[in-house]
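Relying on the hints, combine the two individually framed chains into one complex.
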Amino acid sequence: MTVTPGKKPGDTPAGTFAIQFCPVCTRYIFYPRELCPYCLKTTPEIRHATGRGKVYSYTVVRVSALETFEDKVPYIFAIVELDEGVRIPGNIVQCPIENVKMDMPVELLRPD
Amino acid sequence: MKLKGNTAITGIAELAPSIKSEGRTTLGLFAEVAGRAIGDAGLSKTAIDGLIVTPPFEDTTFMWPAQVAEYLALRPGFLDMVELGGASGCGSVTRAVLAVAAGMCRHCLCLSGGIWDDRIFHSDETKVAAMSKAEIDYELPHGPMGFNSGYALIARRHMHQYGTTAEQMAKIAVEQRENALLNPDALFNKKPISIADVLSSPLVVDPLHLWEIVRPCAGAAAVIVSRTEEAADMPQAPVFILGVGEACTHNSIVYSDDITTSPVKDSAARAFAMASMGPADIEYLSLYDCYPITVIITLEDAGFCAKGEGGAFVENHDFTYKGDRPLNTHGGQLSFGQPSYAGGTSHVIEAVRQLRGAAGKRQVTRNRTAFVNGNGGIMSTQSSLILGKERI
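Protein sequences, first through last, are from chains A and B. At position 8 of the first sequence the residue is numbered 8 (the working numbering), and the sequence of numbers has no breaks. At position 198 of the second sequence the residue is numbered 198 (the working numbering), and the sequence of numbers has no breaks.
Bound conformation, chain B alone (with noise of 0.2 Å):
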């Protein structure tokens, strides 16, 4: 079965993040968002034969496709649920790719996304809830801050083995936060910060600063992946999927073989050969970030710089959407927000944005292809695809 090229994306949308739920439904927020896809994709309803959803919070996951499938009334052909974490946007896309390059179904729509409750998630419930039996048989015990210390082990580690400093993840953060000034959607984009800024904000689990991490937020994201035979016809400008590709070694980050490398070595080198294509061949970069150092890691891993070189690679070059190495232009989740599964969504939409041409004034001058990865977990599970402009 030949995948490259012989799918695209047609149709995206994506709510902006909020704080508070406000009285709304995982449920509601799919409907909403489902619409305006079907809508930019010139599609009627009944023309989408396959869903893939992300789990909620609030309801129970038992049936799940088939829950959302009722409720916004439709009558897919193939239906699944994905949870591979931060991975699910990206990983969404390449089931859809695999069922619609398979011929189950013509136009796949992948929801992800959710609510989001100050109460029920700083419950330790909830903490416990998202926890493996090894970690919470053997890691809890010593007080671990989830997600934060995941990463501050990794970025220490990399501090230590390649001299990666403060600065250069804090310009992450700062670049990002320039993009999301000319992103209404985003959580925080009032005000530039700097570097000074960020190592000025409360250290939280060292050496991880409070304007480092991300912020989760309640959201919704939809993209519809449709044969390519069928792309010609719709009205957008269609994005091919040239390369696809996952990987994953772990899931605590304590049993990562080298927590300063990820799996994305594989993912990308999966997506790359898939494409025929190589790093030097890409022209936007859409890299999941909860963290800075998840970036670096990324570009080393994916070989758009040397391994241990991120630091560097991040001091050289600008990553805002008027820069040489344009990466994130949304804003990245760290000025976006990281609404639910459909943070990892964020990324997708907006290399599918940005490849259309359609990303207003946050707009990039080379847009005919880009690399996307999701990143799951603790570095864990890696979904990377590979977008252009033209099916070659």
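One chain only, chain A, in its complex shape (with noise of 0.2 Å):
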């Protein structure tokens, strides 16, 4: 599973998660724009997302040399495709690090 930061404006209730859609474009978007950056003229919209992906790449960070994360060694940092067809960052959790593999189906976990 990873995990995705709630962050404004893709941010919703707890448990939920949404990314902005641009309706002219028929397009997700992902990180959040002011502007569709496909048309550069629509306000995205945002929409709720099924919240399902699967690993499109991953690392093992064995070490850290961010002073927040040197206890967390090793963590997985990772690519994740969305249903959307967008990708976004993240880390694979409740998974033990031998087991993750790519393209993989993972979910979204909230961290509330």
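Hints were generated in silico from the structure; no laboratory data involved. C-beta: ideal position from N, C-alpha, C; glycine also. Some hints could be false.
[As the list claims (entries may be wrong)] The following label-pair restraints were derived from C-beta to C-beta distances:
(1) B:Ile392 <-> A:Arg62: 46 to 52 Å
(2) A:Arg62 <-> B:Gly163: 21 to 27 Å
(3) A:Met104 <-> B:Met1: 50 to 56 Å
(4) B:Ala232 <-> A:Arg62: 51 to 57 Å
(5) B:Arg366 <-> A:Ile46: 57 to 63 Å
(6) B:Lys133 <-> A:Glu81: 21 to 27 Å
Structure below.
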């Protein structure tokens, strides 16, 4: 499973997840923009997302140079491709490191 | 405006990389390397009428080209600052080509490099300073390891998609070390390493081992680009710029459409088209190497082998100075070091040395043409050059 932070303006009530969508381009957008990056005209809508995706790629961080992560090693930093077609960064959690596989299905876990 | 062959590299200089800056400043490094390059080109300082610089870490970037011009007592008629990460070396040469070919200047001095201070660069503050707002908001909360984790994600996906092996990646570091043994300026030039050595070095950001990760350091490099008409009367054999090309598809690797295919595909195609050449015409390779996977993907996307066959290509060729496919004979950044923005210029400088026939003990025999690639960020901005001994 991956964790993604609740960041405005993509934030929704606890337990749900939403991402931007351009109704003109009919495309999802990540990360949030003031204007749709594809048409540069439309203010994106916020749409509920399935919260499902698959691991596009991952790395096991064994030595962390970030103070706040020093005691968390080893951990997995990953790119997840959501069913909506956009990719997001995240961590893979609740799964032993050795069981993580490329393209394996994952669900978003809110950090609440 | 015709670019092919209308400009040439007429002067080069490079400071030996060093782990410690020892009280030096970027301005001081620039002054030293500029003086050497102007001497190499046989020019008087007043002949330099173009100046392109990479930004400093320790000073304000405000009016940086003018700060450098003043410190060096230059009076340029064309100034610019280039910040394309590791592509800045090739990108500076490309911009010099444009300025010189357009008649803005006759001799354009490109300066790159900077200081290195562990205390500054290992702080969280400096790490964040190199990140975009999107990276800070959406990646940093998950603990990315900057460039290391970005390239680890690419390497993992390449291994998964194409069966590229850890041994194939390690072989690049091994052969570049063999080249570095003949480069007295290289940071790591004392002893050879084996594939087993690389694979037994600490796994830092899986699948990347310590000896597959570039070492940032201090240093500087200078390249002078002149009009071809001027080059005929200058002391060094001119190295003609036959093709230039750039491309960018993303900043953070998270938003690349396909992380195992890089914008090199377009930057190289554009440079080859300008030069009316193809990969088969290239004799020497100078490819940006922050990690071995960068070299593998560049070889594939520039067309030196088919997509996905980079690993096998590495296995089947000898990249040393005496091999069948000499590449990064200065040791690459993996053994030479990565002196800030001058890391990407080291590939330009070594290609010029090889084409001049001035590479000493590591001189290659086939040296008529070179393909040079600069890579900025995480396989983000690409800048490709095609250099030749003859104007063609």
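Going down the list of hints, with the structure as the test:
no., hint, in the structure
1, B:Ile392 <-> A:Arg62: 46 to 52 Å, "50 Å, holds"
2, A:Arg62 <-> B:Gly163: 21 to 27 Å, "24 Å, holds"
3, A:Met104 <-> B:Met1: 50 to 56 Å, "52 Å, holds"
4, B:Ala232 <-> A:Arg62: 51 to 57 Å, "56 Å, holds"
5, B:Arg366 <-> A:Ile46: 57 to 63 Å, "59 Å, holds"
6, B:Lys133 <-> A:Glu81: 21 to 27 Å, "23 Å, holds"
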